[in-house]
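*Asks:* So the protein sequences, as listed, match chains A and B.
32 is the number that this note's numbering gives to position 32 of the first sequence; each next residue is one higher, with no gaps.
110 is the number that this note's numbering gives to position 110 of the second sequence; each next residue is one higher, with no gaps.
Rather than coming from a laboratory, the hints here were simulated on the basis of the structure.
Please note that the accuracy of each hint is not assured.
Said to hold, decoys possible - Derived, one-sided and incomplete: chain A residues facing chain B with beta-carbon distance under 10 Å:
1) Gln39
2) Phe47
3) Asp96
4) Ser100
5) Gly101
6) Leu105
7) Phe107
To be verified - The list that follows gives simulated cross-link-like pairs (lysine-lysine, DSS-like), each with its CA atoms no further than 30 Å apart:
8) B:Lys41 / A:Lys70
9) B:Lys22 / B:Lys36
10) B:Lys22 / B:Lys40
11) B:Lys18 / B:Lys36
12) A:Lys16 / A:Lys70
13) A:Lys109 / A:Lys73
14) B:Lys19 / A:Lys109
15) B:Lys101 / B:Lys41
16) B:Lys40 / B:Lys101
17) A:Lys70 / B:Lys101
18) B:Lys22 / B:Lys101
19) B:Lys40 / A:Lys3
20) B:Lys22 / B:Lys41
21) B:Lys22 / A:Lys109
22) B:Lys41 / B:Lys19
23) B:Lys41 / A:Lys73
24) A:Lys3 / B:Lys36
25) B:Lys36 / B:Lys101
26) A:Lys73 / A:Lys16
27) B:Lys40 / A:Lys70
28) B:Lys101 / A:Lys3
29) B:Lys41 / A:Lys109
30) B:Lys40 / A:Lys16
31) B:Lys19 / B:Lys36
32) A:Lys3 / A:Lys73
33) B:Lys40 / A:Lys109
34) A:Lys73 / B:Lys36
35) A:Lys3 / B:Lys41
36) A:Lys73 / B:Lys40
37) A:Lys70 / A:Lys3
38) B:Lys101 / A:Lys16
39) B:Lys18 / B:Lys40
We put the beta carbon where it would ideally sit given N, CA and C, even for glycine.
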Amino acid sequence: AQKITQTQPGMFVQEKEAVTLDCTYDTSDPSYGLFWYKQPSSGEMIFLIYQGSYDQQNATEGRYSLNFQKARKSANLVISASQLGDSAMYFCAMRDTMNSGYSTLTFGKGTMLLVSP
Amino acid sequence: ETGVTQTPRHLVMGMTNKKSLKCEQHLGHNAMYWYKQSAKKPLELMFVYSLEERVENNSVPSRFSPECPNSSHLFLHLHTLQPEDSALYLCASSQGTNNEKLFFGSGTQLSVL
Numbered sequence: 001a002q003k004i005t006q007t008q009p010g011m012f013v014q015e016k017e018a019v020t021l022d023c024t025y026d027t028s029d030p031s032y033g034l035f036w037y038k039q040p041s042s043g044e045m046i047f048l049i050y051q052g053s054y055d056q057q058n059a060t061e062g063r064y065s066l067n068f069q070k071a072r073k074s075a076n077l078v079i080s081a082s083q084l085g086d087s088a089m090y091f092c093a094m095r096d097t098m099n100s101g102y103s104t105l106t107f108g109k110g111t112m113l114l115v116s117p
Numbered sequence: 001e002t003g004v005t006q007t008p009r010h011l012v013m014g015m016t017n018k019k020s021l022k023c024e025q026h027l028g029h030n031a032m033y034w035y036k037q038s039a040k041k042p043l044e045l046m047f048v049y050s051l052e053e054r055v056e057n058n059s060v061p062s063r064f065s066p067e068c069p070n071s072s073h074l075f076l077h078l079h080t081l082q083p084e085d086s087a088l089y090l091c092a093s094s095q096g097t098n099n100e101k102l103f104f105g106s107g108t109q110l111s112v113l
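Chain A on its own, in the form it takes in the complex (with noise of 0.2 Å):
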């Protein structure tokens, strides 16, 4: 079994300042992905950045970043530069196979963050 730890409920900081997200993951399976969305007020889960168990370096999305921590299992989400608009959930995702052989994506609970001015 998957699973994905997201232990900040909430995040507050100040307009163009860099924030992380923190994400940890459980998993037994050699070849995974990591991902992260947004989700703004309006609903609609917003794709931000993926980052490959094989890739070598850290995935990079204009003012995202993932820092890619395999031995301790982690893939934190930093935001460079915040902006009021980045004001929103945050989930961290894994890809998860499913007993008929497909995948899909298993999501943690969320980090909802804040961007004062």
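Since the structure of chain A is already known, use the hints to place chain B on it.
*Replies:* What follows is chain B alone, placed relative to chain A:
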């Protein structure tokens, strides 16, 4: 036009009603998903369709009945729901069922009275 469109955005229904949620994807994907998002709980996978064939039913009660008439459309038919079924229902699509990146709609916020 967004890639994945869900209607209605909000739905209030009684326990004896029958309603349907609709999802349409404009991305040319061949896999579609229903997820349930309850307050303070992780997203829960409900159903997966690949090429209009249901490939996963994640122990969902029979009062939820999915339908996938083609690779672009997905429905969730609801009947005799319970108040605990109140949640945000999210539809997603992907290129294949082994392509991990999911594209989500904005969801239908369902309230069962």
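*Asks:* Compare the structure with each hint and give your call.
*Replies:* Consistency of the hints with the structure:
1. With 10 Å as the threshold, the beta carbon of A:Gln39 comes within range of chain B, its nearest partner Cβ sitting at about 9 Å, so the hint holds.
2. Hint status for A:Phe47: holds, given a least beta-carbon distance of 6 Å to chain B, under 10 Å.
3. Interface hint at A:Asp96: satisfied, since its Cβ lies 8 Å from the closest Cβ of chain B, which is below the 10 Å cut-off.
4. Proximity of A:Ser100 to chain B holds as hinted, the smallest CB-CB distance being about 5 Å (cut-off 10 Å).
5. Checking A:Gly101 against chain B by beta carbon gives a least distance of about 8 Å; that is within 10 Å, so the hint holds.
6. A cut of 10 Å between beta carbons decides the hint on A:Leu105: the least distance to chain B is about 6 Å, and the hint holds.
7. Proximity of A:Phe107 to chain B holds as hinted, the smallest CB-CB distance being about 4 Å (cut-off 10 Å).
8. Straight-line distance between C-alpha atoms of B:Lys41 and A:Lys70 comes to about 26 Å, which keeps the hinted pair within the 30 Å bound.
9. As the CA atoms of B:Lys22 and B:Lys36 are separated by approximately 14 Å, the hinted pair is consistent with the 30 Å bound.
10. Under the criterion of a C-alpha separation no larger than 30 Å, the hint pairing B:Lys22 with B:Lys40 is consistent with the structure, at around 25 Å.
11. Annotation: proposed proximity of B:Lys18 to B:Lys36 holds, straight-line Cα distance about 18 Å (limit 30 Å).
12. A distance of roughly 29 Å separates the Cα atoms of A:Lys16 and A:Lys70; the hinted pair therefore holds under the 30 Å criterion.
13. Our distance criterion of 30 Å between C-alpha atoms is met by A:Lys109 and A:Lys73, whose separation comes to about 17 Å.
14. Annotation: proposed proximity of B:Lys19 to A:Lys109 holds, straight-line Cα distance about 28 Å (limit 30 Å).
15. Between B:Lys101 and B:Lys41 the CA atoms are separated by roughly 21 Å; this keeps the pair inside 30 Å, and the hint holds.
16. Distance restraint check for B:Lys40 and B:Lys101: the Cα-Cα separation of roughly 23 Å lies within the 30 Å cut-off, and the hinted pair is therefore satisfied.
17. Of the supplied pair hints, the one linking A:Lys70 and B:Lys101 holds, its CA atoms being roughly 21 Å apart against a limit of 30 Å.
18. Simply put, B:Lys22 and B:Lys101 have alpha-carbon atoms about 21 Å apart, close enough for the 30 Å limit, and the pair holds.
19. Pair hint B:Lys40 plus A:Lys3 holds up; C-alpha atoms about 16 Å apart against a cutoff of 30 Å.
20. A threshold of 30 Å between alpha carbons decides the hint, and for B:Lys22 with B:Lys41 the separation of about 23 Å falls inside it, so the pair holds.
21. Taking the CA atoms of B:Lys22 and A:Lys109, the gap is near 26 Å; set against the 30 Å cutoff, the hint holds.
22. With a C-alpha separation of about 24 Å, the suggested pair B:Lys41 and B:Lys19 falls inside the 30 Å cut-off, and the hint holds.
23. Proximity of B:Lys41 to A:Lys73 is assessed by CA-CA distance (about 22 Å); at most 30 Å being required, the pair is judged to hold.
24. For the given pair, A:Lys3 sits about 18 Å from B:Lys36 by alpha-carbon distance, which is consistent with the 30 Å threshold.
25. At most 30 Å may separate the alpha-carbon atoms for a hinted pair to count; B:Lys36 and B:Lys101 meet this at roughly 18 Å.
26. Using a Cα cut-off of 30 Å, the hinted pair A:Lys73 and A:Lys16 holds, with the two alpha carbons roughly 29 Å apart.
27. The hinted pair formed by B:Lys40 and A:Lys70 meets the criterion: a straight-line CA distance of about 28 Å does not exceed 30 Å.
28. Under the criterion of a C-alpha separation no larger than 30 Å, the hint pairing B:Lys101 with A:Lys3 is consistent with the structure, at around 18 Å.
29. Only pairs whose Cα atoms come within 30 Å are accepted, and B:Lys41 paired with A:Lys109 is accepted, the gap being roughly 6 Å.
30. This hinted pair checks out: B:Lys40 and A:Lys16 have alpha carbons roughly 29 Å apart, not beyond 30 Å.
31. Between B:Lys19 and B:Lys36 the alpha-carbon distance is near 16 Å, which keeps this suggested pair within the 30 Å criterion.
32. Restraint check for A:Lys3 and A:Lys73: the C-alpha separation of about 11 Å stays at or below 30 Å, so the hint holds.
33. For the proposed pair B:Lys40 and A:Lys109, the alpha carbon gap of about 7 Å is at most 30 Å, so the pair holds.
34. Distance restraint check for A:Lys73 and B:Lys36: the Cα-Cα separation of roughly 27 Å lies within the 30 Å cut-off, and the hinted pair is therefore satisfied.
35. For the given pair, A:Lys3 sits about 13 Å from B:Lys41 by alpha-carbon distance, which is consistent with the 30 Å threshold.
36. For a cut-off of 30 Å, the pair hint linking A:Lys73 to B:Lys40 stands: about 23 Å separates their Cα positions.
37. Between the alpha carbons of A:Lys70 and A:Lys3 the distance comes to roughly 15 Å, so the proposed pair stays at or under 30 Å and holds.
38. Annotation: proposed proximity of B:Lys101 to A:Lys16 holds, straight-line Cα distance about 29 Å (limit 30 Å).
39. With a C-alpha separation of about 27 Å, the suggested pair B:Lys18 and B:Lys40 falls inside the 30 Å cut-off, and the hint holds.
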